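Each chain is listed here by its residues.
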Amino acid sequence: MKKFIAGAAIALVAMTTSAAAEGHGDFPERPVMLMVSYGAGGATDFQARIVTMTAGNDDALGMPVAIINKPGAGGRVGWNWLATQADADGYTLGAYNVPHFIAQSIKGGVEYSTDSFEPIANWGADPAVFVVGADSDFNSMADVIAYATANPGGLTFSGAGLFVGHHIAALQLEKAAGVKLAYIPNKSGGSGAMRAVIAGEVLGGVNNLSDAFRAREAGTVKILGVFDTARNSFMEDVPTMAEQGYDIDNASVNFRGVMVPKGTPQSVIDHLAATVPAMFENSRVASRMKAGGSPMNIMNRDEVLEMWAARQITLEALLSGL
Amino acid sequence: MEFLFYMDEVFAPMNFGLLLLGTIGGLILGATPGLSPTMAVALLIPFTFKLEPQQGLILLGAAYTSTVAGGAVSAILLKIPGAPANIATTLDGHAMALKGEGAKALQLSFISSAIGGVFGVLLLIFLTPVLAQWALSFGPSHLFWLAILGVTVIGTLDSSSVVKGLLSGCIGLWLATIGFDDIMGAQRFIFHSSVSGGINVIPALIGLFAIPQVIAMFAKGRQSNDAEVIVVQKHAVSEAFREVIKRKKALTIGTLIGSIIGLIPGVGGQIAGLVAYDQSKKFSSESEKFGTGHSEGVIAAEAANNAMVGPSLVPLLTLSIPGSPTAAVLLGGLLIHGIFPGPDLFINYPKVAWTFIDSMLIGQILMCVFGLYVAGLAASVARVPQSVMAAVVLGLAVFGSYSVQNTMGDVYVMGALGLSMYFLERFGFSAAPLVLGLILGPIAEANFIQGSMIANATVGTGTYFFTGWLNWLLIVIVVASVGYSVWMEVRNRRYTSKEEILS
Amino acid sequence: MSDLPRNQHIIASGVIATIGLTVAYISFTQEPAAAFLFPRLISSVFAVLAIWTFLKAVLGRTKVGNGLSGEAMKNLAPGLIVMVIYVFWAAKGLGFYTATAIAFFILLSLYDPAPHGEIKSWGKRVLITAGFMVVIYGLFAQLLYVFTPREIFF
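Protein chains in written order, with this note's numbering: chain A, 1 to 322; chain B, 1 to 503; chain C, 1 to 154.
Here chain A stands alone, though its shape is the one from the complex (with noise of 0.2 Å):
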């Protein structure tokens, strides 16, 4: 007991000179909440594990982050929670994934839009890929297209759900070859719609670079094509959408960061944007996100706030035909 009030009157020191030594309250005081809108074991969740890990030490927030899972719909689910009901006053964080919250939102019936959140930083980019099974007869995406132009609708295709970064790669792949295609959005999200591809219940597949880098060493997938405008590290061979002639951006990259609701003080919000890039800038979440297949993409709030609004204007482009 003696050892656990120590303990406690230096924790409280260390507090209270930390903060005022940057001058603005004593934020945070106790431990912080990470609202991840997918379940425990998802890509974000590992991720916002990993990035959070360093969190509790002196020169990031000196708070623990306890990650809560708010699975459900996508995503809409925790992300209504976060607009809605969640207290602003900096304990409360979300992790956010573009272009699947701002989809949503443009598609509607959600009680979330861009303002109604303040970006904090960006840690992760994970572009989509189409994958094929390892025996499939597709090699290229001219083989996938020319399957589809002989079956118009015929050739079904997974990804993690509807107006996520997956669905929006699946609407621009139909746009850009100018076929008809059936995309099944999978209720497991992106390990199932995986799994789909494995075990040939699909033809193919939209996922995310880093679990479909991890199935090509497994040896069940071919991975065909990035989405994105550059190849990627992880995959050199792999060439872009692009390069093999569909005029694709890469607004379906998936873009993971960290967010808190609108109402927040100012305060809060500059001391969390000045804090959190640094602290996922650390060697030990570098290498531990190395390690585990996933890319980075660190960015400040003002890089993201500019990267939200652009994909705003391209989401709303695409998504206006349905």
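Wrong hints could be hidden among the right ones.
Chain A stretches covered by chain B per the calculated footprint, using a threshold of three residues with CB under 8 Å from any CB of chain B [as the list claims (entries may be wrong)]:
{"id": "1", "region": "46 to 52"}
{"id": "2", "region": "152 to 160"}
{"id": "3", "region": "182 to 189"}
{"id": "4", "region": "218 to 226"}
Chain B stretches covered by chain A per the calculated footprint, using a threshold of three residues with CB under 8 Å from any CB of chain A [as the list claims (entries may be wrong)]:
{"id": "5", "region": "175 to 182"}
{"id": "6", "region": "195 to 206"}
{"id": "7", "region": "402 to 415"}
Not everything, but these chain B residues come out facing chain C in the computed CB check (under 8 Å) [as the list claims (entries may be wrong)]:
{"id": "8", "residue": "LEU166"}
{"id": "9", "residue": "GLY221"}
{"id": "10", "residue": "VAL388"}
{"id": "11", "residue": "PHE399"}
Since the hints were made in silico from the structure, they are not lab data.
It should be emphasised that the depicted structure is a prediction, and the values quoted were computed from it without experimental measurement.
Positions of the beta carbon are idealized from the N, C-alpha and C atoms, including for glycine.
Model the placement of chains B and C on the given structure of chain A, informed by the hints.
Using the frame of chain A, we list chains B and C on its own:
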């Protein structure tokens, strides 16, 4: 036999210490209401960052095995199933505890857990390649039929009235549709902001099972000290072993069903216990004793729960697809060390892979040893006066349901469902079929929609859902199961009418 | 079968039947139809079974369920009131730990058979409450980092 080669790795001091830590910690976390095995393992992930890969996995593997078994503790003693896996355990386990046989119920549950668990891990060791194919063969149409099969179990789960059992199941299926639908994102039946995210299974479980029992204790009023304390019968461990061996039919059914169902992605872990319970009831010569504190019920349910642990990792270890949420979290534990599971996992990282599997094997046995020790202590919970018990269960229910997602909404849902369930129970409805509906509804719906989307793009709905031996096998089982329910209902009616004549 | 359980059965199954019909009505009238396909299917079965149960209750042919006796209702009423206030208001309104301690203590006092006039048994109740609070705090706040609502005190 390669796995024996790495066995000594498990007994290295540091590794064995972690194994002990994971096992004991897992038992405690598992017994905490509201903390499912998935969450328990996810909470431990940060602790593995600093460890060697195999050490981290030993910790996670041990925690996974023992949280599943630890869930039985609160299921039996408090009637709070910590996770869907433990629902079936409450049915007879808590009834046994009420009869003063809490110690016996816990012993039986840990012994059968260990037997089922060891069998499951052995399957993982020897039959992984075969099982991987089997796990992949379940597509949307099969999962749909499987969910329907689960729904038909509803009718017979509660022997008192098939109609009311089915009606409870329908209420559960309806509750499951509340919130956003998963594929279209449309809002359904959101009549209060607490349910805008849908009804979460864990708070619902806590409410449906724990709250009616709290109110039932209230209903007994202020009883005198002597009347309310249940005498706890001491029960020798050797007796428990003999009992488990005597009930080998329930043990076998539980173990086999658990191992097979555990493989099926997304469905397995949640319903393995219930399906095993239902089947062993149907095959038992004393089926009328089920639900009244019958040892076979506990044995079948717990053997199935732990038998499913090993096979549920098969898709992860061989194909790199996490078949269950817990497997997904374990995948995270591998990834942070830069290890990609897949067919060559055992070639590239034999030390990690085999040590992990061996530790699960040893973990099962350790879990049993500790569990049996705990059983002696924990069974005295039954000696806690009812007034204290009611207050403790209520407090734990509130904290447990809040901690799942840190939302007051979950607490309100827990309270509202619990209150309604108490009154429903007074009128012959029961919680187990309702929960089964709640769990299976989304599985049936999602796979039906996904299946019909694939079917529309390819062969057509009729062909898609009605061809292939696996589809037909499942359909035949569904029909047989419904037939059995109807037959039971008719027999039941004849029986009661005879009684009516006599009275 | 006496009248009390029979009337109770009619009320209970009536409530369920009403819910069933409402759910069916909503399912068949709401859009988009694709999202309500599954609810339509189950609500039809739900409504039919609920009406069946209701009719059986009206005819007095319910076989299972004993309803509630007057004595049981009198016994559970105070506990139920404490529980409802605790779960639906106090937990959030007063903060989890404060509300839990109060509710726990009141429930013990209400249902503990030890005589109310005796100082020793009051001491015991306070001790049990304190013990429970320590365990809960250690488990949820210290071990699991669950930040529960804290309005007054903590």
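Status of the hints after comparison with the structure:
1. 46 to 52: holds (count 3)
2. 152 to 160: Three-residue rule met by the region 152 to 160 of chain A, so holds; n is 4.
3. 182 to 189: That given contact holds, which follows from 6 residues of the region 182 to 189 of chain A lying within Cβ reach (below 8 Å) of chain B.
4. 218 to 226: holds (count 3)
5. 175 to 182: n = 4 at 8 Å, threshold three: holds.
6. 195 to 206: Since three or more residues must qualify, the claim that chain A covers the region 195 to 206 of chain B holds, with 3 doing so at under 8 Å.
7. 402 to 415: The restraint on the region 402 to 415 of chain B holds, since 4 of its residues have a Cβ under 8 Å from chain A and three suffice.
8. LEU166: holds, 6 Å
9. GLY221: At about 4 Å, which falls below the 8 Å cut-off, the nearest Cβ of chain C leaves the hint on B:GLY221 intact, so it holds.
10. VAL388: holds, 6 Å
11. PHE399: holds, 5 Å
Hint violations for this structure: none, all hints satisfied.
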